[in-house]
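*Asks:* So the sequence lines, in the order shown, correspond to chains A and B. Here the first sequence is numbered in numbering that gives the first Met the number 0, starting from 0 and rising by one per residue. Here the second sequence is numbered in numbering that gives the first Met the number 0, starting from 0 and rising by one per residue.
Hints listed in this document are in silico derivations from the structure and should not be mistaken for laboratory results. Treat the hints with caution; some may be incorrect.
What the hints assert, rightly or not - Derived CB-CB ranges, DEER-like:
| no. | chain 1 | residue 1 | chain 2 | residue 2 | range |
| --- | --- | --- | --- | --- | --- |
| 1 | A | A213 | B | E487 | 16 to 22 Å |
| 2 | A | T360 | B | K292 | 46 to 52 Å |
| 3 | B | A486 | A | S349 | 55 to 61 Å |
| 4 | B | K231 | A | E350 | 39 to 45 Å |
| 5 | B | E357 | A | V180 | 34 to 40 Å |
| 6 | A | S294 | B | S347 | 19 to 25 Å |
Claimed, not checked - Looking from chain A toward chain B, a few residues come up when the C-beta cut is under 8 Å (computed):
| no. | residue |
| --- | --- |
| 7 | S96 |
| 8 | S165 |
| 9 | V167 |
| 10 | G171 |
| 11 | T178 |
| 12 | L181 |
| 13 | D219 |
| 14 | R291 |
All residues carry an ideal CB built from backbone N, CA and C; glycine is no exception.
Residue-level listing of the chains:
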Amino acid sequence: MWRILIVATLVGLGLGVARAWWDVGSFDTAAPLRAFDFPVGDEPDYWQVPDGRRAKAKFDSLRFDFGKLEVGHTMRHVFRVTNEGDFPLMLAERESSCVCTAAELSERPIPPGETADVTLEWNAPADARPGEPYRQWAMIDTNDSDQASVTLVVEGKLAAAVAAESPVLAFGTVAGSQTKVLSTRVLSYRAAGDPAAAIAGGFSIAATEFDDPATAEFFDVRTEPLMANELGEPGATAGVRLSVTLKPGLPAGPFHQTIRLRSNLADATPIAVSLVGEIGPDAFVSGPGYSRRTSTLNLGRVDAGRGTAGKGVERRLTLVVFSPADAAIAPRVVESTPAGLQAEIGPELSERDGALHWPLTVRFGLPDAEAVPAVPGSADATEKTGRIVLETGHGTVKRIEMTVKFSVAAASAKDARPQPNGD
Amino acid sequence: MNGGQRRIGLAAAAAAFALMIAAAVGWLPGVLADGPTSQAAQDGEQSDAEKSDAEKSDAASQRREELFVGWQPPSAALVISGMLEGHIEPCGCTGLANQKGGLMRRHTLIKQIAADWKCDALPIDVGQSVKYTGRQAEIKFQRMVDAYRAMNYRAVAFGPADLRLSAGELYTAVVGAGDAPTPFVSANVGLFAFDESALPSFRTIDSGGMKIGVTSVLADSARKEVMGDEIKFKPAAEALAEVGKSLTAAKCDVQVLLVHGTMKETEGLAAKFPQFGIVVTSGGADEPLRRPKQLEHGSLLVEVGRKGIYAGVVGLYKSAAGVRFRYQLVPLDERFADSPEIVKVMASYQQELQNAWEMGFDAYGIKAIDDSGRRQFVGSQKCGDCHSEAFAVWEKTPHAHATESLVHPPERSAIARNFDAECLSCHVTGWEPQKFVPYASGFLGLGKKETPHLAGSGCENCHGPGSKHVAAEEGDADDATLKRLRAEMVLKLDTAERTCIKCHDIENSPDFHKAGAFEKYWKKVEHKGKD
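Model the full assembly from the supplied sequences, consistent with the hints where possible.
*Replies:* In structure tokens, the structure reads:
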């Protein structure tokens, strides 16, 4: 009998150790247990308030207006809470609006009549927008039966010593041989009386640096001081106009450059202005429904049908050609298929930003559009395709081949498209 | 009971006793380490910081603020959003349970409102769907418009970043090719021209026995951020004066104005056009007001915050006396399951990125940074040839598996992200983290003919490309050259944080920004130079 008992005990111990090992791992690898997993002495659970008693949380304020917070800086505020009840007050952070708002508070009970601190610390991320309101909050749980949770709010306005009016200069699609200039204002918001703003010779940009040195040579940066009446922003005390010239020569495709600007305000954080855009061809088509990426014009639905003169569709596009002003350029349409698809250039010609602009009108008004062959491989028989070819007259971009897509609505179909202004 | 039965009984009792002992011993540690800690101990790969996040998340989800307490079903509900800035979903870098926002959760909220209250949920958005320009942003915008259509958005405004997209692509996405109306409205923006049939200036919605009028404007300050002549503008106030007349003529019960502009501009427009009972602004704090501000003339001013973390729900209650409002700011946390419809949109977005990737960087709109003639990337395995101890540490860190976590994401695992440049830039070796572009010698793909040796966030992401250092060590460089090139690879601890933070930014690695976090994180990857 004893032998059985001993064997059973040993087997049991073995199984138990194996299970424990499986659950927790060896003593070396087991995760450390947190202090609060263990009961703290015989301290009662103060979150359970007995009948007839009350923990009463009295905060000195629930909202703190800090005025101005400079972007990238950190601030702290101490909210004071007094227990005006007759039972220990407990506090616990439930959640905060953002990890950039941290609440520090005592996890120990606050005896009746005593006061404790709840500290909120917050910082404005570097990409925050100066001039805009800033607000964060932390929600604190209490064992006060009348206010199970309390929300503490800090708010104010974001400020910056120096800021660019437009932190992004978007050049859009620029032709390879085009020169394009964009500008923005870089403004100082330092008060005139601020010693940091007292600079001999006034506010200026002391240094500029490009993030990508490989393409820096294609950008020229120029600054010129602004007069007081040119600042244009409330609170701005000085500023410069920053002009960036994109020069010809950048290879085709997207570009993304960043200029880091350091002003002569000693303690001001440097600012960044992004330059984004794409170098495209010297001749291109632009307009509603036309994708330059796929050279496809989408006409949408064409109303047409057998024996009826459908409404058809018309799109006004623009053909843009960058070329020396004295060059004799005469673009023309050399192909438009199928029958019923028409393309017409001009006749008006305008010149803007070193480019020649012609109106390009595309129409499709075939009475019997259903006769147009469907797109090969398309499951939708109403999907049709056409083609327009232009000769641009430009030296290098000689032709533009456009695919035209449209779908044909049945003649009897009522216009199913809802009215633009109503559901 | 005979002898055999007795033996069986004894054996059974012994077995039961053994099990009791086993239970007592085996369960003891479980009792001590009950809850998340014991669970975490079973997961050998989970770091201390992750355990802590999981614990916090568990606790937080049990204590989230209850929503819509005391609400009666409204006649209709506006679901207000905006300033998504490309955050189509929370990145998941710190675990989805710890991050709010995303279109998948937003759609679930919209569907729940409609189902639970049996009323129309009317989503409207104040714009800035994307943040960047370029091909990926265009693809993302197109897919977001697909999502707006799937969610039945009734009005979407433009932000300046939306209008910086290539105008032709923008037009195609906004107007669409089918019969469905565009979800966009704008009183003062035209795409190539002002054309009501392509982009209406306002919209009226019949719902819950009410007529609700909605319009949007791009305020003058935001307009300055859009260059080029393909996008047409009217001054905001002038355009609203015109559209306001149409809305008045339409006899709307409620008029809603979406203003993409600063708080000051919004308040100015709201005061000038008091006919708008609800005014939504893109201005205001990152953290929106929990209750709308009531303006002097009585309109409600609703903020949306940033990154689509919240949705504001305005319950509209139609009564004989007019329309009353109730408001709830809803954090889009893990309580809202992923909407399958938007998961599909997300999958199609990643598929399109993969298609573009396979067509080449031109189709993707990426231009690799030319690093020819400069130091180039060689891969961590090469570093490990000499720095074997440091390499052994790296191999055990999440950095080594960073690319794998995109191929097989631990959450939302059906959708791989390894063709998403915005993810890749911090999950592979040899990319510019904040610009989403590779160096020419950086990671180009996992295929055998590509650069699998640059998978993971390797040594060179912090120490810089190693080609010259390796060539010198393997060649016959003089001592001075060796010394100089070795020095170039050194990353000193006191400046390392500035490098880490390029990927461990506030958005993707918020815990890295807590006091003392760098020291904790460093402990997990701590290594020395050469063996």
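*Asks:* Confirm or reject each hint.
*Replies:* Evaluated hints:
Checked against the given bound of 16 to 22 Å, the beta carbons of A213(A) and E487(B), roughly 19 Å apart, stay inside it. Distance hint check: the CB atoms of T360(A) and K292(B) are about 49 Å apart, consistent with the given range 46 to 52 Å. In this structure, A486(B) and S349(A) meet the distance hint of 55 to 61 Å, their C-beta atoms being roughly 59 Å apart. Restraint check, K231(B) to E350(A): a C-beta distance of roughly 20 Å breaks the suggested window 39 to 45 Å.
Range check, E357(B) to V180(A): about 38 Å between beta-carbon atoms, so the 34 to 40 Å window is met. A hinted range of 19 to 25 Å for the beta carbons of S294(A) and S347(B) is consistent with their spacing of about 23 Å. Among the interface hints, the one on S96(A) holds; its C-beta lies about 4 Å from the nearest C-beta in chain B, closer than the 8 Å criterion. Satisfaction of the interface hint for S165(A) is found here, the shortest Cβ-Cβ separation to chain B being roughly 5 Å, below the 8 Å cut-off.
Because the beta carbon of V167(A) sits about 7 Å from the nearest beta carbon in chain B, less than 8 Å, this interface hint is met. Interface restraint check for G171(A): the shortest CB-CB distance to chain B comes to about 4 Å, inside 8 Å, so the restraint holds. With a cut of 8 Å, the hint placing T178(A) at the interface with chain B is violated, because the nearest CB-to-CB distance is about 15 Å. Hint status for L181(A): holds, given a least beta-carbon distance of 6 Å to chain B, under 8 Å.
Contact between D219(A) and chain B, as hinted, is not supported at the beta carbon level, the nearest pair being about 17 Å apart and thus beyond 8 Å. At about 5 Å, the closest approach between the beta carbon of R291(A) and any beta carbon in chain B falls short of 8 Å, and the interface hint on this residue holds.
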